[in-house]
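K.L.:
For reference, the chains in residue letters:
There are 2 protein chains.
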Amino acid sequence: MTRGSEGSVPVPGHRSITEAEKLAEAKLGGIPIRHEQMAVVANIYRAASAVRQHLENSVLRGVDLTWTAFVVLWVVWIWGESETRHVAEEAGISKGTLTGVARTLEGRGLIQRADHPSDGRLVLLSLTEEGQQLMQRVFPAFNDEEAFVTEQLSDEECRSVADGLRRVVLQVEGSGEERRQALLGGAAPAPRRSGRRRKA
Amino acid sequence: MTRGSEGSVPVPGHRSITEAEKLAEAKLGGIPIRHEQMAVVANIYRAASAVRQHLENSVLRGVDLTWTAFVVLWVVWIWGESETRHVAEEAGISKGTLTGVARTLEGRGLIQRADHPSDGRLVLLSLTEEGQQLMQRVFPAFNDEEAFVTEQLSDEECRSVADGLRRVVLQVEGSGEERRQALLGGAAPAPRRSGRRRKA
DNA sequence: TACGTACAATTTGGACCCGAACGGTAATCG
DNA sequence: CGATTACCGTTCGGGTCCAAATTGTACGTA
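Protein chains in written order, with the numbering used here: chain E, -7 to 192; chain P, -7 to 192.
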C-alpha cells in the first residue's frame, strides 16, 4: 500500500489514498470527481482484500480452506440443506463456480449432494457430520479474527459501517439492473470476451 | 440474496442478514458471537462483490476490461511510470498475477514495459498513449457508477464509511502480521494446499 | 575474479471465477 | 397430449489468482 517516500510533510494516516485522489483530479484536469464516493468504493475493495487475506492466512489456511470454500460451507451450515442456486447467490458466486467448489468439498467429505425429492432438476447441498464438526470448530476462530480486524471500531461504529455497506448492497441489487439497462440504452450487452463459444 | 419465504413476520430490510446471524448463534449453542464485527466483515465482502459486479457489467465490459485489469491501469495512470512490485501492491494483487495481467494489457497496446535505467532487475510500467486516452474516457464513467452505488449515502456518510473501512485496512496492515504470528505460535505457516507442489 | 546473499520479475501448478452454451426436467399452452 | 417455453445444474473456454519454484541481476566480501 505505502510507497517508499513520496511526500515531505509527515501527515499520519490516509496519505496514500488522499494523494491518489488528488493525482486523479489533476489527471482529469477540470472534470469533477466525486471524491467521497470514490473513496468509499476504493476502500470497500481494499478492506475486502485485506480482510480476506488475513482470514485466509490465519484461520483458513490451517484447515485447508479457501475463502470461497469457507463461505460456501458457512452458507450451507447456517441455512441447512439448500438448493445450489440459493447457495451460489448467498455466497456471492456464480452457479458454475459453485459446481466446482462443491465438487472439491464433496471430495473432502465435508458436504454431500442429494436429489430433490420432487423436482428432478434440483440438487440439494448439506454438510456431512464431518463438515458440521469442522464448522463448529472453525467458526469461533473465524469470528475472533473478524473482531480483530474491526478492533479499531466501536460497536456503534461497526453498526454504522455495516449499515452503510448494506445500503450500498441494496442499491446495487435493487436498482443495478435497471441502471445498467439505462446505461447501455438497450444496446447489445457486450458479451464477455472470454467464455464458451457456440458449437457451430 | 433473499430467499423465497423464510420468516413469517414481515420485517422490512436486512432480514436475511439478521436471520443468518441468529441462525449462526443457534448453531453455536451458547458460544458468544461478536455480531457487529461479523456484520461488518460480511457486508464488506458483500458490498465489494456487488460493486465489482456492477462496474464490470456496466462500464468495464463495454471496453473489454476485467476489474483487475482496470485497477492495474488505474494505478499506473495515477502514479505514473512505476515499478511492477509497487503496482502489484497498490492494486492488491500478487506479483505473479500482475505479470500475467500486464502481459495481456501490453498485448492490447495499453501499457508498456521498460527497463529501469540503473537497476537491471526492475521493470517499469507505464501507459501508452492509447492507454491514457482510454483512462481519460473511461474513468469519468467509472466514477459516475461509483456515485450510483453510493447513492443512498450522503457525502458525510460516505466519509464516515470510508474512514471506518480505512481503519480496518490500517489495522490489518499494521498489526495483521504480528497477530498471525501470535496465533500460529511460531508453528509452521501451513502452506497453501493448492498451487505449486514442492518438488521432492 | 569468484562466490554468496539479496532481491527482482517470471514461470508454473492447482484452484477459482464468470458467463455462454448445453442437456435435461418441469410447467404451460394450443 | 404434443410442443413450446422456462428453469436448473453442469460443462467448458478463457482469464485471473496465489504462492512455490525458477531465473536473472546487483552487490557485498574474500
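Note that these hints are calculated values from the structure, not bench results.
Computed from a prediction, not measured in an experiment: that's the story for all the values here.
Be careful, since some hints might not be right.
Same chains, same label: a pair holds when it works inside one copy or across any pair of copies.
[Claimed, not checked] Dumping the calculated DMTMM-like pairs for lysine to aspartate or glutamate here, alpha-carbon to alpha-carbon at most 20 angstroms:
#1 Lys19 to Glu121
#2 Lys87 to Glu169
#3 Lys87 to Glu148
#4 Lys19 to Glu122
#5 Lys14 to Glu122
#6 Lys19 to Glu148
#7 Lys87 to Glu75
#8 Lys87 to Asp107
#9 Lys14 to Glu165
#10 Lys87 to Glu73
#11 Lys14 to Glu73
#12 Lys87 to Glu165
#13 Lys87 to Glu98
#14 Lys14 to Glu48
#15 Lys19 to Asp136
#16 Lys14 to Asp147
#17 Lys87 to Glu48
#18 Lys14 to Asp136
#19 Lys19 to Glu73
K.L.:
Honestly, which of those hints from before does the structure not fit?
P.N.:
3, 5, 6, 9 and 14
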